[in-house]
Amino acid sequence: MIEWSEEHKAIAQAVRRFVEDEIKPRRQELEFGDTPPYELLRKMIRTFGMGELQLARFAAQIEREKRGGGEPAAKDPEASDSPESWRARADAVAMQIIPTIEICRYCPGMVTAMGVSIGLTVGTIMTRGTTAQKERFVPALLTMEKIGAWAITEPGSGSDAFGSMQATAKRDGAGGYVLQGSKTFITNGPYADTIVFICKLDEGNAAKERKVLSFILDKGTPGLTQSKPLRKMGQHSSPTGELFLEDVRVGKDRLLGETEEREYRAGAKETFSSERTGVAAMALGIVEQCLSLSIDYAKNRVQFGRPIGEFQLIQQKLALMEVARMNIQNIVFRQIELAGHGRRTTLAEASAGKLYCARAAMEVALEAVQLFGGNGYMAEFHVEQLCRDAKVLQIYAGTDEIQTLQIARDLLKA
Amino acid sequence: MKILVPVKRVCDPDNANKVKVSADGATVTSDGLEWKPNPFDEYAVEAALRLNENAPKNEKLGETLVCSLGPAEVAQTLRQALAMGADRGILIDATDGQLDTTVVARALKALVDKEKPDLVLMGKQTVDGDSNAVGQTLAEMLGWPMATFAMTVSTNDGGKTLTVGREVDTGVLTLKVTLPAVVTVDLRIVAPAGIKNGATPADHKYNEGARYASLKGIMQAKKKAIDQLKLSELGIDTATSSAYPKFELPPARTGNCVFVETVDDLLGKLRTQAKAI
Ligand SMILES: Cc1cc2nc3c(=O)[nH]c(=O)nc-3n(C[C@H](O)[C@H](O)[C@H](O)COP(=O)(O)OP(=O)(O)OC[C@H]3O[C@@H](n4cnc5c(N)ncnc54)[C@H](O)[C@@H]3O)c2cc1C
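Those protein sequences? They're chains R and F, same order as listed.
Taking the numbering used here, I'd label the letters of the first sequence as residues 3 to 416.
Taking the numbering used here, I'd label the letters of the second sequence as residues 2 to 278.
Only chain R is shown next, with the shape it has when bound in the complex:
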């Protein structure tokens, strides 16, 4: 893939119109109020029929699962190996990526909220749940009728997510479990209806040797407390909070996979990869917007009797922003192409892409603030928000340092 297709461009144009009509006018309240983003996200999903598309893909996958692989259903365009199938798979991914880019031009936080709900929470249930669990929890998440959260981070456990994890599940002796622990920095935590809770099975053994399991919890489960949104630097349109679990009793039907034999760590790479690849599209939206705002400003802001765009130091900023934009776009194109061919990105590649895109977005956003001078520092000018929003790309889904470690580990492993 070397360019967006006409249809891709048409999708971008349509979503941009929605963003400009519906999201842009509410930027202030999303940014400085406590308006959660969910109603707007639901409206977008309804408007563009995204829920129906996702539900159709979901139904096809469940159908494949129930048949246990075998012959693909005649109507399932993604099931075979033909060029049409490649295109269908690639287009399905592009249809998720393009809205991400367009929303990130105004409100990256909304994408974080949506990505954690539809990407991470659904993704985890889809890779680890039983077919019955998928059918029970996933459809309402796909339309965002219900909001999902995915909770691994704890006050004492971040980059070393599994090693330092304190949250526990104990068998209750009647086939169910009792859950304990506290989680923090959980996207959608304050509002989530469906929560994937990751913890260790305490069998009286040492913490290091414990198995990691995951459970699905509903809002309102006795013993579960969801905090108010935490105040933070950026991404204000994405509510982040804490979860507290005190003697939360659940049946086995809440254990993802309904077996203790599926160790969470075993498939964690897939979850991490998909989370990391999502950052590239977010970075592209932020960079595209910073660049186009900067070009406009450079042409119109006059100092020393001429537009500042005539100064070479300003030109250099614009040129480097464009280089970053091209690189990030190429990474996004590669992701779409890989998805088309049914190939997963390796964890090392996903890490490399995330590391580059997150840093580039941060650098571009900082340079955009610089190019805008005092205005760049003012909340009235959008680059100020994008700059604060971009920072988290280097922190969540694995910090820059952790990505670096992972890439190096992969290089040195043989």
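Heads up, some of the hints might be wrong.
Facing chain F, a subset of chain R residues (Cβ under 10 Å, in silico) [unchecked claim]:
id, residue
1, Glu5
2, Glu8
3, Ala12
4, Met52
5, Glu54
Since the hints were derived computationally from the structure, they do not count as laboratory data.
For each residue, glycine too, the CB sits at the ideal point set by N, CA and C.
Position chain F with the ligand relative to chain R; hints supplied.
Structure of chain F with the ligand alone, referenced to chain R:
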């Protein structure tokens, strides 16, 4: 009902101030400006889709054809209408220089003769030329009944007639037209309850404005047919009847601001200094 909706692309009306005049004054240049469907034409497409569907059941009741005259790129504009839900497109290849009100109306008449729609639904005017004349000219050439500036349309008599609410200076004028007919629409046609077709429940409330194309609609639009025709193939008189000898931009505003004390003062200045009245 079979509905034909002509659609024209125009320069992004939100950036109309970027339109420039060529050095010799012979043409208006639109370099670097985005093209968009003429907003009133988009409303006409929306109105046609509403007339031709049972909205809650998501059922199609008739065929909506869209057509455009212009260079090959207007296929993009047609695709947008197809993505919204129109069924088929017709592109009549022509350059802007070959077209004026009369030629466009003749071309549309030729299409109507060929396609035999029950209704031609169009924007009341384009936001570039602002002539507000093609619909009226076409109705005259066809000898069909016409209702302009429609803000409401409802179907009666089993789809044989339409009741059209027209927005005029003195209020709303209600007309009954027998099909086939030409109707041109105004902005309010896309209000939540502007269209009643007897199939969509009367209390159904649409979203204000033209609908967004769904992602599926956009992907499917690529598979819908756009018939290509040449202006010369329509068998019509292609001689234009109007010409633009010269364009010039309005003089730049001086930015001078004068405060006056009384209305008489104002009128006096408008008469003697600005010579505006
Ligand atoms: C807005 C936001 C939303 C989030 N959403 C979620 C969510 O939905 N669910 C969830 O579970 N978590 C979420 N997180 C948590 C996020 O994943 C963690 O913050 C992140 O993984 C880092 O962990 P930490 O904050 O504990 O930092 P630490 O791990 O304490 O890191 C502190 C510093 O030390 C560095 N460091 C750590 N280990 C090493 C090492 N081995 N070598 C070199 N340097 C190292 C780090 O890179 C960092 O610079 C979110 C965080 C934020 C900010």
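These are the hints, each one checked on the structure:
no.	hint	verdict
1	Glu5	violated, 15 Å
2	Glu8	holds, 7 Å
3	Ala12	holds, 5 Å
4	Met52	holds, 6 Å
5	Glu54	holds, 7 Å
In terms of the numbered hints stated before, the structure departs from hint 1 and from no other.
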